[in-house]
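Asker: Below, each chain spelled out in residue letters.
2 protein chains.
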Amino acid sequence: MSMPIEEWVKEIRAGNARALARAITAVENRAPESRQLLRQLFPHSGRASIIGLTGAPGSGKSTLADQLAREFRKLGRSVGIVAVDPTSPFSGGAILGDRIRMQRHHADRGIYIRSMATRGALGGLAAATAEVAMVLDASGREVVLIETVGVGQDEIDIVRLADITLVVLVPGMGDDVQSIKAGIMEIADIFVINKSERDGAAQLERGIRTLLATGRPGADEKPWMPPIIKTVASEGKGIAELAQAIADFQQHLQKTGLGARRRVENWRRRLLEMLRSELMHRLARESLSDEAARRLAAEIAAGRKDPYSAVEDILAGIGIKNRTI
Amino acid sequence: MSMPIEEWVKEIRAGNARALARAITAVENRAPESRQLLRQLFPHSGRASIIGLTGAPGSGKSTLADQLAREFRKLGRSVGIVAVDPTSPFSGGAILGDRIRMQRHHADRGIYIRSMATRGALGGLAAATAEVAMVLDASGREVVLIETVGVGQDEIDIVRLADITLVVLVPGMGDDVQSIKAGIMEIADIFVINKSERDGAAQLERGIRTLLATGRPGADEKPWMPPIIKTVASEGKGIAELAQAIADFQQHLQKTGLGARRRVENWRRRLLEMLRSELMHRLARESLSDEAARRLAAEIAAGRKDPYSAVEDILAGIGIKNRTI
Numbered sequence: 001m002s003m004p005i006e007e008w009v010k011e012i013r014a015g016n017a018r019a020l021a022r023a024i025t026a027v028e029n030r031a032p033e034s035r036q037l038l039r040q041l042f043p044h045s046g047r048a049s050i051i052g053l054t055g056a057p058g059s060g061k062s063t064l065a066d067q068l069a070r071e072f073r074k075l076g077r078s079v080g081i082v083a084v085d086p087t088s089p090f091s092g093g094a095i096l097g098d099r100i101r102m103q104r105h106h107a108d109r110g111i112y113i114r115s116m117a118t119r120g121a122l123g124g125l126a127a128a129t130a131e132v133a134m135v136l137d138a139s140g141r142e143v144v145l146i147e148t149v150g151v152g153q154d155e156i157d158i159v160r161l162a163d164i165t166l167v168v169l170v171p172g173m174g175d176d177v178q179s180i181k182a183g184i185m186e187i188a189d190i191f192v193i194n195k196s197e198r199d200g201a202a203q204l205e206r207g208i209r210t211l212l213a214t215g216r217p218g219a220d221e222k223p224w225m226p227p228i229i230k231t232v233a234s235e236g237k238g239i240a241e242l243a244q245a246i247a248d249f250q251q252h253l254q255k256t257g258l259g260a261r262r263r264v265e266n267w268r269r270r271l272l273e274m275l276r277s278e279l280m281h282r283l284a285r286e287s288l289s290d291e292a293a294r295r296l297a298a299e300i301a302a303g304r305k306d307p308y309s310a311v312e313d314i315l316a317g318i319g320i321k322n323r324t325i
Numbered sequence: 001m002s003m004p005i006e007e008w009v010k011e012i013r014a015g016n017a018r019a020l021a022r023a024i025t026a027v028e029n030r031a032p033e034s035r036q037l038l039r040q041l042f043p044h045s046g047r048a049s050i051i052g053l054t055g056a057p058g059s060g061k062s063t064l065a066d067q068l069a070r071e072f073r074k075l076g077r078s079v080g081i082v083a084v085d086p087t088s089p090f091s092g093g094a095i096l097g098d099r100i101r102m103q104r105h106h107a108d109r110g111i112y113i114r115s116m117a118t119r120g121a122l123g124g125l126a127a128a129t130a131e132v133a134m135v136l137d138a139s140g141r142e143v144v145l146i147e148t149v150g151v152g153q154d155e156i157d158i159v160r161l162a163d164i165t166l167v168v169l170v171p172g173m174g175d176d177v178q179s180i181k182a183g184i185m186e187i188a189d190i191f192v193i194n195k196s197e198r199d200g201a202a203q204l205e206r207g208i209r210t211l212l213a214t215g216r217p218g219a220d221e222k223p224w225m226p227p228i229i230k231t232v233a234s235e236g237k238g239i240a241e242l243a244q245a246i247a248d249f250q251q252h253l254q255k256t257g258l259g260a261r262r263r264v265e266n267w268r269r270r271l272l273e274m275l276r277s278e279l280m281h282r283l284a285r286e287s288l289s290d291e292a293a294r295r296l297a298a299e300i301a302a303g304r305k306d307p308y309s310a311v312e313d314i315l316a317g318i319g320i321k322n323r324t325i
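Keeping their order, the protein sequence lines are chains A and B. Start counting the first sequence at 1; every next residue gets the next number (the working numbering). Start counting the second sequence at 1; every next residue gets the next number (the working numbering).
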């Protein structure tokens, strides 16, 4: 797109879906112009509610996200959905799948869906997701839903960027409560038991309550007890209740100042991630090409060079002096 | 430990379990002396077979690792086990659990077990695991088993450091073959169906075979078809067969040169990870204290400063000039 950045930003802000799609692609691919674009979009961001959805594969997160989007549309709010799959080897968005999902919304232009997958080792998928969410936010989307597949550390890092985190569980999957790992318990603001018509929903709910009763680490001064909402997303059941629980939590975020504190903490983490990523890119470009890294690795594997000296040599090469301790 | 590093290395190499335990603790905690220690241990490393075990929680990986260790002991080889749980919030090793596990080996000094958990955001658990494995290797352990809980990207990063990767599955867990995600299929050198006396073992085996038949990406010039070994680890069944499959694969690694190529690739990844981690540490120490990062994040969250300019200011502060593109 040879359009000047200012023009591009204007188009994105005016709701031009093509301009938005190209912006997201540029950000995902770290295109040279993406930095300037993000810098100019930033002042327009910070208005959207960012909602993270996570849970085991097969828990029906996509259907739930679609239903929630529809609910927000009823309330007159525009929605962006970012679907992230850290285990997928495909980059650049599963465009076809996104189109099919958008079709289900009868091409409602108030709902925009975009898939993301692994961004190379240097990039960081959480950072890319945060940037894409910011682009949607700056484009005027009032709600940004980030859905992730799986419940590992990647997913935790991704949904942590949200203002509100929903953890989706399903009756009878694995050992139920055992599958709610420690990290997940801490990040859940709201639990959703989806496919709640299935056997074991009550048992799962009891399990969650027991876990909640044993105390959550890092409780705030005015603690929030995560509600447990039962849904059957495929039939639209429980979605209005879930939207209400989200609204309640948003009030809590505002009243207690927790929302502001979270955003500061999120920016702190993103800042570190941006620095890390930026440093590694410069390193790769300026003093450690792929070829040089491979050659050095071969020397180390053969025992001819120790990796600790190698690291110091490379750092010295970009003007960073030796470790003092 | 006020012992000079040379002395410490000597004690570790002589089989002093206390010296070894303290070395691992120092490495886990990034103690100031750990760098020097690792540098001096490095020339003694590279001899052990590093075996990674991964699989869903509840698949019996610990029992399997213990049984494998016993099998290797019968063959006269000393063993170190590193048990890693990326989702656990506890750092510093679950000493009590390790002791209990070691007791089961009748305090056989030929088996050493050590748990690891999350190391802060700056550190990287995969890097720490690699370092601990290297310490065990340098201490003279002939086999190092790395077992991880879960099947996310963290776990993949960890077991990738191994020469040989075992993926442990259990009949009837989740949707069986569906739970074998793309990333896991690629890293498995050997599949283990543990608890194979259960219903669904044959079905699971068929599922794996079907997946294998559809082709694995990144096949070598002389492709290895991962065998599927059925075990009942709690009763010691199938363990000898598994040890044989491991020996077969080791031969394959050597004959085809794949082993050497893997080690080079592993070192390349570790080198990048070490650089990343080192850069972030220096940054944190020299120009971006926790306090400064938090203050900056608050400015950004309030929309008073854009994060992209902030990053460039910080990089300029450690003497790295502006991005050229």
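Simulated from the structure, these hints should not be mistaken for laboratory data. Mixed in with the good hints there might be a few duds.
What the hints assert, rightly or not - Among chain A residues calculated to face chain B with C-beta under 8 Å, some are:
| # | residue |
| --- | --- |
| 1 | Arg-35 |
| 2 | Arg-160 |
| 3 | Asp-163 |
| 4 | Ala-260 |
| 5 | Leu-272 |
| 6 | Leu-315 |
Even glycine gets a Cβ: it sits at the ideal position worked out from N, Cα and C.
Asker: Take the hints in turn and mark each one as holding or not.
Answerer: Against the structure, the hints come out as follows:
1. Arg-35: holds, 6 Å
2. Arg-160: Constraint on Arg-160 (chain A) not satisfied, violated at 11 Å.
3. Asp-163: Because about 11 Å separates Asp-163 (chain A) from the closest Cβ in chain B, which is outside the 8 Å limit, the hint is violated.
4. Ala-260: Holds, because the Cβ-Cβ distance from Ala-260 (chain A) to chain B comes to roughly 7 Å (cut-off 8 Å).
5. Leu-272: Where the cut-off is 8 Å and the nearest Cβ of chain B is about 7 Å from Leu-272 (chain A), the hint holds.
6. Leu-315: holds, 7 Å
In this structure, the earlier hints numbered 2 and 3 are contradicted, and the remaining ones agree with it.
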